[in-house]
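K.L.:
Listed below, chain by chain, are the residues.
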Amino acid sequence: QQQVKQSPQSLIVQKGGISIINCAYENTAFDYFPWYQQFPGKGPALLIAIRPDVSEKKEGRFTISFNKSAKQFSLHIMDSQPGDSATYFCAALPYGGATNKLIFGTGTLLAVQP
Amino acid sequence: DTGVSQDPRHKITKRGQNVTFRCDPISEHNRLYWYRQTLGQGPEFLTYFQNEAQLEKSRLLSDRFSAERPKGSFSTLEIQRTEQGDSAMYLCASSPALAGALTDTQYFGPGTRLTVL
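Heads up: the sequence lines are chains A and B, in that order. Note that my numbering has the first sequence beginning at 107, numbered continuously upward. Note that my numbering has the second sequence beginning at 8, numbered continuously upward.
Mixed in with the good hints, there may be bad ones.
[Said to hold, decoys possible] Straight line, CA to CA, 25 Å or less: simulated BS3-like cross-link-like pairs of lysine-lysine:
1. B:Lys78 to A:Lys207
2. A:Lys163 to A:Lys121
3. B:Lys64 to A:Lys207
4. A:Lys177 to A:Lys111
5. A:Lys164 to A:Lys177
6. A:Lys207 to A:Lys174
7. A:Lys174 to A:Lys163
8. A:Lys148 to B:Lys18
9. A:Lys111 to A:Lys164
10. A:Lys121 to A:Lys164
11. A:Lys111 to B:Lys64
12. A:Lys207 to A:Lys121
[As the list claims (entries may be wrong)] Label pairs and their calculated CB-CB ranges:
13. A:Ile126 to B:Leu62: 35 to 41 Å
14. A:Asn128 to B:Phe81: 45 to 51 Å
15. B:Arg120 to A:Gly189: 20 to 26 Å
16. B:Arg120 to A:Lys164: 41 to 47 Å
17. A:Lys174 to B:Asp14: 39 to 45 Å
18. A:Gly123 to B:Gln24: 46 to 52 Å
19. B:Ser12 to A:Gly123: 35 to 41 Å
Please keep in mind that the hints were generated in silico from the structure rather than gathered at the bench. In this text the structure is predicted, and so the values were computed from the model without any measurement. We treat Cβ as the ideally placed atom computed from N, Cα and C, and that holds for glycine.
Pulled out of the complex, with its shape left as it was, chain A reads as follows (with noise of 0.2 Å):
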């Protein structure tokens, strides 16, 4: 069964600092990796996405970081903010499906305190 596993299951950073959200994949057969954010109450919002083609990807203050050798792949969130607190969900698209379903993470929910 394809799977995406992630830690922590929470996070908590002071404001400022980097926040780290590690997740691992079991299948090779995946070629794309987005980030969602989630707010309370809220549908999850794609944050950053990258495919396996390359090992690093940063908008602004996000950055996804790939190892395909180890099938990890990891969000870094630098200077973390307050209104960063959030469940973060990274997720995985096996390749070539004729679906695009989704494989999710469990989540990490991240505290960012001021």
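Put chain B on the given structure of chain A with help from the hints.
P.N.:
Chain B in isolation, oriented as in the chain A frame:
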């Protein structure tokens, strides 16, 4: 607002009742997805439409669940004879059918929170 919209946002029902949710995708997105999210978990795939054709259903989608997208635009998800275990957030997402990376980006709606008493 041109995002994915869902209605209602909240639904409370008694066990055994039928409920129906509606999703309006982003205009001209021909792919539409339904996911279910329980507390403390990530969304789980339920079903997928390309235009009006339902191309895949998860094993999570029991016989009590049915989804339609009659004209390839909005979609409905119906749950018959609701059970307490159906209590969850039901999320709808859509994506365009364009060549390249944009095809893979799924845009989620705000969800419908179902509570079965």
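K.L.:
Against the earlier hints, flag every one the structure doesn't satisfy and list their numbers going up.
P.N.:
The structure conflicts with hints 12, 14 and 16, although it agrees with all the remaining ones.
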